[in-house]
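Visitor: Chain residues, written in single-letter form:
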Amino acid sequence: MSTRDLFALLPLLLIAASAVVVMLAIALKRDPGLAAGLTLTGLTAAFLSIWAAAGVVPRQVTSLLLVDQYALFYMGLIIASAATAVALAWRYFEKHHEQREELYLLLLLATLGCAVLVASSHFVSFLLGLEVLSVSLYGMVAYLTDRRPALEAGIKYLILASASSAFLLFGMALIYAATGTMEFSKLREVSLSGSPFILLSGIALTLTGIGFKLGVVPFHLWAPDVYQGASPPVAAFVATTSKSAMVALLLRYFYLSGALRNHAVFLVVATIAVLSMCAGNFLALRQTNVKRILAYSSIAHFGYILVAFLAGSTMAAGAVAFYLVAYTVTILASFGVVTVLSNPGQDAEDLEDYRGLFWRRPAIAGVFTVALLSLAGIPATIGFLGKFYILAAGANAAAWPLILILVVTSVAGLFYYLRIVVALFSDPPEHAAPLEVLSRSGVVVLAVLAVLMIWLGVYPSPLLDLIRTSLAGLN
Amino acid sequence: MILIWLLVILFAAGILAGIADRWNSRLPRWIALVAISADLALTAGLWIGRSSSPTGPWIEEVDWNWIPGFGIHFHLAVDGLSLLMLMLTFFLGIVSVLTSWTEIRERVGFFHFNLLWVLTGIAGVFLAVDLFLFYFAWELMLIPMYFLIVIWGHERRVYAAVKFFLFTQCSGLLMLIAILALYFVHHQATGIYTFEYSELLGTHLSPGVELLVMLGFFVAFAVKLPAVPLHTWLPDAHTQAPTAGSVILAGLLLKTGAYGLIRFVVPLFPHAAHQFTPVALILGVTGIVYGAVMAYSQTDFKRLVAYTSVSHLGFVLLGIFSWNQLALQGAVITMICHGLSTGGMFVLVGGLQERLHTRDLERMGGLWTAVPRLSGAVLFFSMASLGLPGIGDFVGEFLVLLGSYRISVPITVVASIGVLTSTFYALRIAQRAFQGPNPHPWRLSDLTPREGVMVAAMIAGLLWLGLYPQPVLNTFQPALQNLQHEASTTTAAVRR
Chain A
0 MSTRDLFALL PLLLIAASAV VVMLAIALKR DPGLAAGLTL TGLTAAFLSI WAAAGVVPRQ
60 VTSLLLVDQY ALFYMGLIIA SAATAVALAW RYFEKHHEQR EELYLLLLLA TLGCAVLVAS
120 SHFVSFLLGL EVLSVSLYGM VAYLTDRRPA LEAGIKYLIL ASASSAFLLF GMALIYAATG
180 TMEFSKLREV SLSGSPFILL SGIALTLTGI GFKLGVVPFH LWAPDVYQGA SPPVAAFVAT
240 TSKSAMVALL LRYFYLSGAL RNHAVFLVVA TIAVLSMCAG NFLALRQTNV KRILAYSSIA
300 HFGYILVAFL AGSTMAAGAV AFYLVAYTVT ILASFGVVTV LSNPGQDAED LEDYRGLFWR
360 RPAIAGVFTV ALLSLAGIPA TIGFLGKFYI LAAGANAAAW PLILILVVTS VAGLFYYLRI
420 VVALFSDPPE HAAPLEVLSR SGVVVLAVLA VLMIWLGVYP SPLLDLIRTS LAGLN
Chain B
0 MILIWLLVIL FAAGILAGIA DRWNSRLPRW IALVAISADL ALTAGLWIGR SSSPTGPWIE
60 EVDWNWIPGF GIHFHLAVDG LSLLMLMLTF FLGIVSVLTS WTEIRERVGF FHFNLLWVLT
120 GIAGVFLAVD LFLFYFAWEL MLIPMYFLIV IWGHERRVYA AVKFFLFTQC SGLLMLIAIL
180 ALYFVHHQAT GIYTFEYSEL LGTHLSPGVE LLVMLGFFVA FAVKLPAVPL HTWLPDAHTQ
240 APTAGSVILA GLLLKTGAYG LIRFVVPLFP HAAHQFTPVA LILGVTGIVY GAVMAYSQTD
300 FKRLVAYTSV SHLGFVLLGI FSWNQLALQG AVITMICHGL STGGMFVLVG GLQERLHTRD
360 LERMGGLWTA VPRLSGAVLF FSMASLGLPG IGDFVGEFLV LLGSYRISVP ITVVASIGVL
420 TSTFYALRIA QRAFQGPNPH PWRLSDLTPR EGVMVAAMIA GLLWLGLYPQ PVLNTFQPAL
480 QNLQHEASTT TAAVRR
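Note that the protein sequences, when read in sequence, are chains A and B. Its first residue numbered 0, the first sequence is counted upward by one per residue in numbering that gives the first Met the number 0. Its first residue numbered 0, the second sequence is counted upward by one per residue in numbering that gives the first Met the number 0.
In case anyone wonders, no lab produced these hints; they're calculated from the structure. Even glycine gets a Cβ: it sits at the ideal position worked out from N, Cα and C. Among the hints, a few may not be true.
[Unchecked claim] Derived DEER-like restraints, expressed as beta-carbon distance ranges:
id : chain 1 : residue 1 : chain 2 : residue 2 : range
1  : A       : L12       : B       : A37       : 55 to 63 Å
2  : B       : P206      : A       : Y458      : 56 to 64 Å
3  : B       : L443      : A       : P361      : 50 to 58 Å
4  : B       : I3        : A       : I154      : 54 to 62 Å
5  : B       : H186      : A       : P361      : 40 to 48 Å
6  : A       : R29       : B       : H153      : 43 to 51 Å
[Said to hold, decoys possible] Listed next, the stretches of chain B that the computed footprint assigns to chain A, with coverage defined by at least 3 CB atoms under 8 Å from CB atoms of chain A:
id : region
7  : 147-159
8  : 171-178
Could you build the full structure based on these sequences and the hints that come with them?
Guide: This is the structure:
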């Protein structure tokens with residue numbers, strides 16, 4: 000391994016190193032502030048090291064990891080969203096729990112798993128990254144052990160995730176049996192046109208594993224319970240960081256292997272996309288728990304992302320990347336609002352908790368409104384441009400049925416976003432609890448996210464250019 | 000640059016008004032009034048200062064690169080048609096601020112923030128000549144309107160606001176798909192990615208595709224207009240909105256639909272639009288009759304006025320799809336006059352509701368003795384609505400009927416019957432509310448000077464348009480000729 004290889008892996012190495020440092024620091028002195036500070040420092044260093052790595056890419060480091068512009072772009076997104084989750088978690092857990100330092104350790108490891116996933120070009124690194132991510136997430140989801148819903152969510156996630164990992168592993172074995180290779184790019188050389196049954200089953204089973212992590216229908220059953228049971232910062236992490244990594248991997252896996260050219264695979268993914276859009280939007284209609292609404296909404300959003308993914312061009316890959324950025328920023332803002340409004344005893348998750356919020360806390364409710372409008376895809380927010388990009392990619396590929404379904408279901412989606420907005424702007428309840436002082440770090444994070452949502456929604460050119468360069472090496 | 004200022008002034012004043020509420024609750028009203036007046040003055044300056052023989056199609060334009068990756072420009076331009084629409088926008092904007100002066104007492108800052116931003120969106124719609132920017136403004140005006148209804152509206156405001164939002168959003172997304180289809184077809188033909196209006200004109204589409212894409216646009220505009228099967232959001236939204244909201248909805252938002260038909264549907268897809276003529280004519284005439292009949296059977300005063308809008312906008316649809324200059328002129332005049340007369344009507348109904356705390360016609364009666372000046376004004380606007388010669392509405396509807404007579408006699412006959420029906424509802428308003436015995440001994444204050452000035456200005460405008468419409472006709476005539484020229488050259492090219 001040469002120095003250049005090490006440079007290319009610098010972001011991964013720095014995240015791993017900060018996990019060790021945080022572990023040692025906890026052993027020496029228990030101090031949540033210190034642990035969070037070290038975690039943030041480590042993540043910042045890893046984020047900055049992306050520029051150092053950018054000088055030596057694209058670079059295949061062993062046959063396992065391919066570090067290119069694409070991987071670095073997604074690493075940036077992952078690290079930024081993980082850092083945001085840390086900033087949100089800091090004050091939230093300070094108010095809450097006895098032993099709150101280990102959360103950061105788990106979070107760093109999960110981030111490491113994600114970073115491995117986005118750079119992987121081989122089934123071994125795929126599985127390694129996925130397992131590091133999953134095992135850390137079990138701990139994070141069930142972290143508040145004094146809460147029954149958290150434990151329930153943790154167990155549910157543990158069982159379903161292990162089952163899906165088993166499917167994934169079996170699928171990899173089948174693909175290996177059929178082709179004799181574990182590298183994504185070598186799969187392309189094996190002809191898919193004859194559609195050998197074993198290979199197709201293998202692809203279907205790996206799709207199960209990926210679909211589970213993305214929470215798309217029919218692998219979505221864990222999502223509402225985990226979003227509701229986990230603490231809001233952890234839910235934000237599950238919703239954004241882990242899913243972005245999985246999408247990045249899915250895209251690379253399918254583009255390198257050329258699996259989408261197979262008609263059966265295309266049809267299966269299209270069905271998943273349609274079911275996710277419908278189920279996500281329609282199941283959310285009758286929910287009154289904000290966290291569950293966000294869970295169903297994110298099921299629908301990954302349906303939209305799959306629509307762009309199916310379009311299968313460079314434009315489509317750009318649409319996926321842009322939408323992921325939009326989704327990440329917006330979901331982080333939404334969970335950020337839930338986090339800062341939560342009390343030690345009770346998370347602010349019921350729709351009633353948000354009634355009249357605008358008249359009591361205009362700034363926070365304003366951020367939440369912008370986030371909801373962005374999720375609904377209303378202009379002047381980043382969510383609109385994301386949806387526009389997906390529709391453009393779909394129209395470019397002439398996938399008219401898919402984009403019509405997208406439009407119809409997203410109108411249904413408007414309905415439940417508007418329900419929250421109506422609650423925010425209705426008259427506050429008579430006997431409202433007195434306002435507490437909000438955590439300053441949380442408010443700063445929210446302000447930054449709000450600016451991003453609007454700024455990128457009005458002036459997306461820099462981000463578009465960045466995405467375009469990152470995709471240059473994908474094909 | 001002046002066009003940018005039009006938007007920036009409203010936008011910035013909106014934010015300022017939202018903040019100023021903290022210091023003084025009267026301040027937002029004055030900020031809104033000053034900002035909109037400034038815009039009105041700027042637009043009037045453009046109108047008066049325009050050259051009589053313009054070099055290009057636009058009187059004034061601004062063109063900036065916005066998102067080069069997609070070929071999206073921030074391109075604003077005005078011709079005579081959009082100029083008049085802007086005048087109407089800012090005039091009714093001032094009216095809505097004045098009419099809310101005493102009606103809105105709570106959350107004044109946020110109210111004016113929304114009011115100014117909805118006007119920004121509407122002005123953006125009338126100014127945009129980049130299709131992406133147009134869609135952007137089109138959707139952007141919905142959000143503040145939604146808030147105006149949902150926060151300051153009447154009893155069933157949440158229902159009305161959500162219905163309004165869903166209807167417009169769904170049809171808007173169909174239009175977005177149509178815009179994208181046009182964008183990619185244009186790219187396939189020329190290799191250029193652009194949303195630019197002037198470049199997309201004359202894009203060659205196969206007949207089937209052209210019809211589908213045209214329908215995407217048509218549905219969005221028909222919902223706003225509203226054309227009859229798609230109108231059901233309108234009576235609810237107009238009735239439940241606060242007075243200023245009703246004025247803006249009826250006076251301006253409906254006009255964006257008509258404007259879209261004239262500006263985009265006809266020139267971009269002349270062939271498909273020609274094919275679609277019979278359907279559009281039937282939709283128009285159904286709207287005229289249905290709106291008038293429904294208006295007659297209402298007991299809620301605001302709902303009645305809302306249904307008259309359906310009827311009047313039917314004339315606009317008829318005029319646009321009659322394919323001659325006369326009818327199109329009539330359609331534009333009807334748009335402007337309907338803005339003034341219905342706006343005035345909503346102001347007066349709002350004033351009545353503020354005084355009586357009811358909109359129920361059954362509970363009114365004999366108001367003439369209690370509020371003579373207000374009653375006289377209502378009578379004037381009712382007469383405008385039934386098409387009394389000498390008032391602007393008559394000119395518009397007469398021209399539309401003259402024009403539509405040339406292409407279809409039966410349609411014109413039915414539309415004329417619609418005019419007759421409007422007499423019934425207009426007279427019913429006068430009889431129910433103002434004449435007859437006074438069952439309640441109402442003691443009410445008559446029009447205040449603030450209300451009087453507003454109403455007088457609108458009456459003066461309607462009389463001007465009714466008696467001497469030539470300056471207005473001259474203003475939009477070149478624009479209409481340009482649009483028709485585009486449409487006919489494209490059709491000719493297709494036929495060849």
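Visitor: Take the hints in turn and mark each one as holding or not.
Guide: Do the hints match the structure? See the list:
Between L12 (chain A) and A37 (chain B) the C-beta distance comes to about 59 Å, which sits within the given range of 55 to 63 Å. Evaluation of the 56 to 64 Å hint for P206 (chain B) and Y458 (chain A) yields a failure: the beta carbon distance comes to about 39 Å. Checking the proposed 50 to 58 Å range against L443 (chain B) and P361 (chain A) shows it is violated: the Cβ atoms sit about 37 Å from each other. Distance hint for I3 (chain B) and I154 (chain A): a CB-CB separation of about 58 Å, consistent with the stated range 54 to 62 Å.
For the hinted restraint 40 to 48 Å between H186 (chain B) and P361 (chain A), the CB-CB distance of approximately 44 Å keeps it satisfied. Taking 43 to 51 Å as the suggested C-beta distance range, the pair R29 (chain A) and H153 (chain B) does not conform, at roughly 59 Å. Chain A is given as covering the region 147-159 of chain B, and this holds because 3 residues of the stretch bring a CB closer than 8 Å to a CB of that chain, at least three being needed. Residues of the region 171-178 of chain B lying with their CB closer than 8 Å to a CB of chain A number 4, which satisfies the three-residue condition for coverage.
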